[in-house]
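Undergrad: One letter stands for each residue in the lines below.
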Amino acid sequence: MSQRKQIQIGTVVGQSEVAANTFIISIREPQLVRQVKPGHFVNVSLPSRTNANLLKRPFSIYGTDKEAIQILYKVKGDVTTVMTTLQKGDEVELLGPLGNTFTLPKKKKVLLVGGGIGVAPLIYLYDRLKAHNEVKILHGVRTRQEAMVWANLPVQTHVDEEVGHYVCAGFEKVIRQHEAQHVVTCGPIPMMKEIVEASARAGVSCEVSLEARMACGFGVCLGCVIETKSGYKKVCSDGPVFDGALLW
Amino acid sequence: MVKTTVQLGPLTLQNPIVTASGTFGYGVEFADYLDINKLGAITLKSVTLNPREGNAPPRIAETPSGMMNSIGLANHGIDVLMDSILPKLEAFDRVKVIANIAGHSLEENVELAKRLDQVDRVDAIELNISCPNVDAGGLAFCQDLPMVSRLTKAVRKVTLKPLIVKLSASVPDIVALAKTAVESGADILSLINTIPGMDVDIAKKALFFKRGSAGLSGPAIRPIALKAVYDVAQSVDIPIIGMGGVASVEDVVKFLLVGADAVSVGMMNFVRPSLSGELVDQLSAYLVASGETLSTLKLKA
Ligand SMILES: Cc1cc2nc3c(=O)[nH]c(=O)nc-3n(C[C@H](O)[C@H](O)[C@H](O)COP(=O)(O)OP(=O)(O)OC[C@H]3O[C@@H](n4cnc5c(N)ncnc54)[C@H](O)[C@@H]3O)c2cc1C
Ligand SMILES: Cc1cc2nc3c(=O)[nH]c(=O)nc-3n(C[C@H](O)[C@H](O)[C@H](O)COP(=O)(O)O)c2cc1C
Ligand code: FES
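Chains A and B, in that order, are what the protein sequence lines are.
Its first residue numbered 1, the first sequence is counted upward by one per residue in the working numbering.
Its first residue numbered 1, the second sequence is counted upward by one per residue in the working numbering.
Just chain A, same shape as in the assembly (with noise of 0.2 Å):
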């Protein structure tokens, strides 16, 4: 029989405020940081928190670091203001890896594209796909304090309110310019679908990585469903990472 899955205990090797409000937080888990791979995520509580907030919330992998998982993340209410707080030594709950995963092409010209904190499973994707393709990203963000710095990425950052909503408008004219064979998206719903529309026009493969509200995170709840052009799908368990021509 498989090796039966459960909850870890994960401790906390560091965290810094990376932009405003936008923390990368190190979390020591070995076997999980074994499973995982680009597309993956994992479900998150804090001890501290579970009576007030019972649902576990999730998080893609952000990275790797030796025996560490890391999550980009975004504050947005109860339990990622809590994260903040969290110091070295603090111990989380995380249950995972969960959910499918990026398909990893070949020899291609591949184009990252993430809005605000949906940029997060890009960039880990980006560190498995280096080695054998060309890989460009782009990171849109809304203002200039959401702006990340990115040292040794070849990341292109988009300041909406400077440049306007360059990374949608005109997107099909970016995918040619890059030359890109294969698009990856994950951001808010009306920019992935404006990026998918557009691969599909220019004949590309385009993959998306979903949010939904979620209970469970491995499929029995049913909570989490998305439509589809083939009917409801689970994000947690079909995706999160979904054939965007599939969608839209």
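Accuracy of the hints is not assured; some may be wrong.
The list that follows gives simulated cross-link-like pairs (lysine-lysine, DSSO-like), each with its CA atoms no further than 30 Å apart [stated by the list, open to error]:
1. K204(B) x K233(A)
2. K205(B) x K76(A)
3. K88(A) x K106(A)
4. K229(A) x K3(B)
5. K88(B) x K5(A)
6. K229(A) x K210(B)
7. K205(B) x K3(B)
8. K193(A) x K204(B)
9. K5(A) x K108(A)
10. K88(B) x K193(A)
11. K210(B) x K193(A)
12. K76(A) x K161(B)
A short, non-exhaustive set of chain A residues, derived as facing chain B with CB atoms under 7 Å [to be verified]:
13. L54
14. C216
15. G223
16. Y232
17. K233
In short, the hints are calculated from the structure, not lab data.
Using N, Cα and C, we set each Cβ at its ideal position, and we do this for glycine too.
Following the hints, put chain B with the ligands in place on chain A, whose structure we already have.
TA: For chain B with the ligands alone, kept in the frame of chain A given last:
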């Protein structure tokens, strides 16, 4: 080894820990997290004759110490359940399987019960007359006592399997409801289902759920569930499966003390998938440590 077997009328469970419909899939999904064969029983997701897509999203909202759901009885339909899901449960020989039926009409429930009556792997049938998330049937049944009586009698007639009737606490008089189900042929009662609630999206100035109302579950409803079980246990003589916010072995003991004969774990299966299996061990440990047996767990007079 302490004795944990419980007799729920015609249904014998190896221990009183059960999982609640809609919160444990079809059991097999949890095999990664615990040995499901050690549970007293698992209750399958509600089934209908035809497949149901369920309600439009969003379907989930967190609440203080709980959650609301508006799943809307999404399921693959009875054919898929019988042909491809129940056979997978053959491998688990000790855990009892309760099939939960949620037809929108009397006729549909009768048909479902007839079909499931033929299946050996189904150990009991639970008639769900208390789902708050559908337009036809569901909770509306519970609010109509003559209907509860007709429904229960009709289903009773077509199956020899133990019949559980699942009640809502969102009724004017749960004792009257329970008595109606018992007089109409229920072997066992289970309670409570989720409680209708609501959330509001401030930014959109709209109700959060498309149907407006959704079902509240979790520790938030435990006090209501304990009182419902207490009230019903005082006035009917058949076994009760108690549920509503069970999160720990202390909660299990509380339900047993107020009169439940078995206890079902619901939404906490999502939070801690291994919980039901842990509760089996913890209940045994509790009985040993306290010197109690399942039959001495009663409120003091
Ligand atoms: C597969 C997946 C991957 C994600 N990856 C990331 C990531 O890498 N970084 C990041 O910052 N955020 C990510 N999110 C969003 C993140 O889960 C929410 O921001 C977080 O749950 C908010 O919790 P809170 O308690 O701070 O907010 P609250 O608003 O207090 O949360 C209330 C409830 O709503 C849910 N919720 C709120 N916002 C979202 C959302 N956008 N998506 C799903 N559920 C939500 C919460 O889980 C909780 O159940 C991801 C979501 C999903 C589904
Ligand atoms: C997501 C979800 C889905 C549910 N689906 C069903 C269902 O299909 N049939 C049913 O009889 N009860 C269903 N229930 C109700 C539970 O079986 C249980 O009665 C209720 O949640 C109270 O227990 P809890 O507080 O421990 O969750 C569902 C509950 C939840 C949270
Ligand atoms: S979150 Fe429960 S099925 Fe997806």
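Undergrad: All hints, please: hold or fail.
TA: Here is how each hint holds up against the structure:
no., hint, verdict
1, K204(B) x K233(A), "holds, 25 Å"
2, K205(B) x K76(A), "holds, 20 Å"
3, K88(A) x K106(A), "violated, 38 Å"
4, K229(A) x K3(B), "violated, 53 Å"
5, K88(B) x K5(A), "holds, 20 Å"
6, K229(A) x K210(B), "holds, 20 Å"
7, K205(B) x K3(B), "violated, 55 Å"
8, K193(A) x K204(B), "holds, 21 Å"
9, K5(A) x K108(A), "violated, 36 Å"
10, K88(B) x K193(A), "violated, 39 Å"
11, K210(B) x K193(A), "holds, 22 Å"
12, K76(A) x K161(B), "violated, 50 Å"
13, L54, "holds, 5 Å"
14, C216, "holds, 4 Å"
15, G223, "holds, 4 Å"
16, Y232, "holds, 6 Å"
17, K233, "violated, 11 Å"
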